[in-house]
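Visitor: The lines below spell out each chain.
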Amino acid sequence: MGALLSIENLSVAYWTAEGWLPAVREVDLAVQAGEVVGIAGESGCGKSTLASTVLRLQPADARVSGEVLVDGEDVLSMRWGQLRALRWAKASIVFQGALHSLNPVHRVGDQIAEPILLHEPDVGRDEADERVGDLLEQVGLPRTRSRAYPHQLSGGQRQRVMVAMALACRPRLVIADEPTTALDVMVQAQILDLLSQLVRELGVGMVIISHDLSVLADVCDRVAVMYAGRIVETARAEDLFGSPLHPYSAALSDAFPRIGDPAARYAPSGLAGDPPDLRDLPAGCSFRPRCPRAVAECAQQEPPLVEIVAGRSAACIRVGEP
Amino acid sequence: MSEPPLLEARGVCVDFTTRAGATARALDGVDLTVERGEVVALVGESGSGKTTLARAFMGLQRPTAGEVRLQGQPMDYSGRALRRFRRQVQMILQDAAGSLNPRQTVYESVAEGLRLHRVVASDPEGRTEADVVAGALADSGLRPPDRFFLRYPHELSGGQQQRVLIAGALALRPQLLIADEPVSSLDASIRGEILALLLRLRDALGVGVLVVTHDLGLAWNIADRIAVMYLGRVVETGRIEEVLEAPKHPYTRALLSVVPEMDRLEPEVLTGEIPDPTRIPGGCRFHPRCPRLADGTAERAGVADDCLGTPLEVLPASGAHQAACHLAAVLSRSAPRLVD
Numbered sequence: 020m021g022a023l024l025s026i027e028n029l030s031v032a033y034w035t036a037e038g039w040l041p042a043v044r045e046v047d048l049a050v051q052a053g054e055v056v057g058i059a060g061e062s063g064c065g066k067s068t069l070a071s072t073v074l075r076l077q078p079a080d081a082r083v084s085g086e087v088l089v090d091g092e093d094v095l096s097m098r099w100g101q102l103r104a105l106r107w108a109k110a111s112i113v114f115q116g117a118l119h120s121l122n123p124v125h126r127v128g129d130q131i132a133e134p135i136l137l138h139e140p141d142v143g144r145d146e147a148d149e150r151v152g153d154l155l156e157q158v159g160l161p162r163t164r165s166r167a168y169p170h171q172l173s174g175g176q177r178q179r180v181m182v183a184m185a186l187a188c189r190p191r192l193v194i195a196d197e198p199t200t201a202l203d204v205m206v207q208a209q210i211l212d213l214l215s216q217l218v219r220e221l222g223v224g225m226v227i228i229s230h231d232l233s234v235l236a237d238v239c240d241r242v243a244v245m246y247a248g249r250i251v252e253t254a255r256a257e258d259l260f261g262s263p264l265h266p267y268s269a270a271l272s273d274a275f276p277r278i279g280d281p282a283a284r285y286a287p288s289g290l291a292g293d294p295p296d297l298r299d300l301p302a303g304c305s306f307r308p309r310c311p312r313a314v315a316e317c318a319q320q321e322p323p324l325v326e327i328v329a330g331r332s333a334a335c336i337r338v339g340e341p
Numbered sequence: 013m014s015e016p017p018l019l020e021a022r023g024v025c026v027d028f029t030t031r032a033g034a035t036a037r038a039l040d041g042v043d044l045t046v047e048r049g050e051v052v053a054l055v056g057e058s059g060s061g062k063t064t065l066a067r068a069f070m071g072l073q074r075p076t077a078g079e080v081r082l083q084g085q086p087m088d089y090s091g092r093a094l095r096r097f098r099r100q101v102q103m104i105l106q107d108a109a110g111s112l113n114p115r116q117t118v119y120e121s122v123a124e125g126l127r128l129h130r131v132v133a134s135d136p137e138g139r140t141e142a143d144v145v146a147g148a149l150a151d152s153g154l155r156p157p158d159r160f161f162l163r164y165p166h167e168l169s170g171g172q173q174q175r176v177l178i179a180g181a182l183a184l185r186p187q188l189l190i191a192d193e194p195v196s197s198l199d200a201s202i203r204g205e206i207l208a209l210l211l212r213l214r215d216a217l218g219v220g221v222l223v224v225t226h227d228l229g230l231a232w233n234i235a236d237r238i239a240v241m242y243l244g245r246v247v248e249t250g251r252i253e254e255v256l257e258a259p260k261h262p263y264t265r266a267l268l269s270v271v272p273e274m275d276r277l278e279p280e281v282l283t284g285e286i287p288d289p290t291r292i293p294g295g296c297r298f299h300p301r302c303p304r305l306a307d308g309t310a311e312r313a314g315v316a317d318d319c320l321g322t323p324l325e326v327l328p329a330s331g332a333h334q335a336a337c338h339l340a341a342v343l344s345r346s347a348p349r350l351v352d
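So the sequence lines, in the order shown, correspond to chains A and B.
Quick note on numbering: the first sequence equals residues 20 to 341 in my numbering.
Quick note on numbering: the second sequence equals residues 13 to 352 in my numbering.
Rather than coming from a laboratory, the hints here were simulated on the basis of the structure.
Virtual Cβ for every residue (Gly too), placed ideally from N, Cα, C.
Just so you know, not all the hints are guaranteed correct.
[Stated by the list, open to error] Listed next, with one range per pair, are the computed distances between beta-carbon atoms:
{"id": "1", "chain 1": "B", "residue 1": "D107", "chain 2": "A", "residue 2": "P140", "range": "40 to 50 Å"}
{"id": "2", "chain 1": "B", "residue 1": "P16", "chain 2": "A", "residue 2": "L300", "range": "52 to 62 Å"}
{"id": "3", "chain 1": "B", "residue 1": "Q116", "chain 2": "A", "residue 2": "P308", "range": "22 to 32 Å"}
{"id": "4", "chain 1": "B", "residue 1": "R92", "chain 2": "A", "residue 2": "D80", "range": "55 to 65 Å"}
{"id": "5", "chain 1": "A", "residue 1": "D212", "chain 2": "B", "residue 2": "R99", "range": "43 to 53 Å"}
{"id": "6", "chain 1": "A", "residue 1": "G143", "chain 2": "B", "residue 2": "S169", "range": "46 to 56 Å"}
{"id": "7", "chain 1": "A", "residue 1": "S96", "chain 2": "B", "residue 2": "E167", "range": "36 to 46 Å"}
{"id": "8", "chain 1": "A", "residue 1": "G143", "chain 2": "B", "residue 2": "E167", "range": "48 to 58 Å"}
Use the sequences and the hints to build the structure in full.
Guide: Given below as structure tokens:
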């Protein structure tokens with residue numbers, strides 16, 4: 020039995036006025052059932068494009084190559100009917116910004132019931148309502164909240180509704196795109212607890228996308244760090260946060276200081292410069308212009324992602340040097 | 013007598029009337045000071061009142077009771093006085109992309125404040141408007157400044173947009189900057205650069221900075237002092253090291269414990285959210301969510317009745333490490349070494 024999600028050599032490019040923009044470049048990624056995999060990176064690194072391509076939600080004119088298998092089925096080549104069955108029932112997405120993803124004029128219970136009624140024609144209204152109640156309880160809301168409109172709920176409660184909706188058709192794979200961005204720390208902790216608990220109880224596979232490495236370190240088994248469309252490091256979550264190998268992962272990790280660490284007092288850590296223009300990537304390693312460890316050799320070719328020790332890979336020629 | 017603080021809130025209360033006619037008390041008696049050259053972090057969840065307090069400090073929100081003082085002078089809410097006041101106190105908003113006019117060049121955005129306040133005409137060094145704009149851009153890390161003059165916001169990265177906002181505030185040579193979540197919409201790698209800029213400005217120009225944030229890591233990175241707010245009150249305040257390394261209030265402790273990289277505290281995820289400010293709980297306002305009351309610690313210390321029934325005093329703005337908590341008060345009386 021293969022992985023629940025298997026992505027191989029995936030590249031996605033968008034057509035823009037200034038030419039092709041390579042948003043995702045040669046990405047490999049696998050997620051097993053019951054596993055939580057994090058994708059970390061900044062805006063424009065390709066993480067959201069990667070997530071939407073898993074459900075073939077990328078814009079129609081995007082150029083896609085490579086392979087995406089969900090539960091062994093090829094998403095990129097499947098017919099429209101199969102794709103429709105795949106979305107919600109096999110894999111679903113929790114989007115960021117619950118306020119904008121929920122319809123303000125429908126009760127949240129009806130919105131959760133909608134995919135159930137659409138995808139499971141033999142389920143009647145009463146059974147769907149029953150399942151909506153169960154789902155709300157599963158995400159820590161009282162059943163009666165199904166009667167509420169989105170504006171009557173707080174940000175955290177709305178995000179819980181989004182999670183309930185993603186689980187409505189009992190998918191095996193859940194993709195959460197910045198599930199806690201814009202939430203308060205305490206509510207963020209509540210939602211992350213909820214997601215971990217659902218993975219434990221339901222055995223789903225989960226992909227969590229975030230720019231906040233510390234959030235991922237907390238809930239993920241493995242984390243992949245993306246920069247300029249490529250994965251530059253993959254590792255077990257605690258290794259990545261504790262001892263990052265790639266200089267970019269190290270910078271991300273340092274950006275969120277350890278409270279109590281005297282070295283971080285009055286010394287916020289950041290990277291000079293901005294991410295590169297994807298239409299005009301620098302020669303060699305795309306992180307080179309911002310890299311504190313760059314040497315002349317880095318300009319020669321884009322370093323491949325190679326295994327450094329078992330289960331840890333990095334795309335940097337300087338990793339492993341003394 | 014010592015000099016009065018640069019900016020001071022004294023017993024500030026702000027009430028709002030809801031559509032249903034109820035009175036919501038967004039601020040319920042806040043004392044807080046910011047000194048020259050000092051970075052103070054104002055921390056709390058949504059609904060804690062931190063943004064209302066920042067607005068009161070800007071003169072955008074008139075207190076229902078209490079007052080705001082700049083260098084010892086109570087704030088005057090007439091138009092002319094407010095204009096003078098706002099030259100001294102400038103705000104940096106969180107959403108840089110949304111705060112800049114998309115049809116204005118960087119130069120126009122920075123110069124707008126100068127023209128409103130007629131700064132250039134009265135410049136003691138006789139500098140031109142272009143000199144002042146260039147100086148502010150350079151101070152904000154946009155160098156060489158003339159390369160940015162004719163750019164539009166959409167041509168800039170998020171970090172650069174934030175720097176333009178900071179430059180616009182700096183051009184007026186304020187004594188105090190109020191930064192509302194200055195890095196929350198920025199990418200991780202940019203964040204450090206902007207925070208370092210705020211620190212540099214404090215050191216080079218001696219401005220006071222009030223940073224409004226929910227991010228305790230940010231406070232640890234740059235602030236000298238911290239005030240933790242809950243439901244319209246400051247519940248704990250003190251020097252950063254004191255408050256973040258040895259929190260006294262159970263709320264501060266819980267906030268710290270859920271910072272993902274805090275592995276030395278057992279995570280204490282509070283249930284629910286901040287209550288509705290139209291119905292502030294009696295006794296200690298935190299008691300319905302307090303983990304120390306729920307687990308019986310308060311009962312064993314003999315303060316559970318106080319938690320439920322005795323309101324706490326407003327914390328004075330003294331600079332000492334203090335918490336508005338019945339339990340913390342008992343613990344520090346009986347065994348000060350244990351908590352300090």
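Visitor: Hint by hint, say whether it matches the structure.
Guide: Going through the hints against the structure:
Hint check: B/D107 to A/P140, Cβ distance near 44 Å, so the stated range 40 to 50 Å holds. Taking 52 to 62 Å as the suggested C-beta distance range, the pair B/P16 and A/L300 conforms, at roughly 56 Å. Checking the proposed 22 to 32 Å range against B/Q116 and A/P308 shows it holds: the Cβ atoms sit about 30 Å from each other. With their beta carbons about 57 Å apart, B/R92 and A/D80 fall inside the hinted range of 55 to 65 Å.
Under the hint 43 to 53 Å, the C-beta atoms of A/D212 and B/R99, about 47 Å apart, fit the expected range. For A/G143 and B/S169, the hinted distance range of 46 to 56 Å is satisfied, since their beta carbons lie about 53 Å from each other. At about 39 Å, the CB distance of A/S96 to B/E167 agrees with the hint of 36 to 46 Å. Distance hint check: the CB atoms of A/G143 and B/E167 are about 56 Å apart, consistent with the given range 48 to 58 Å.
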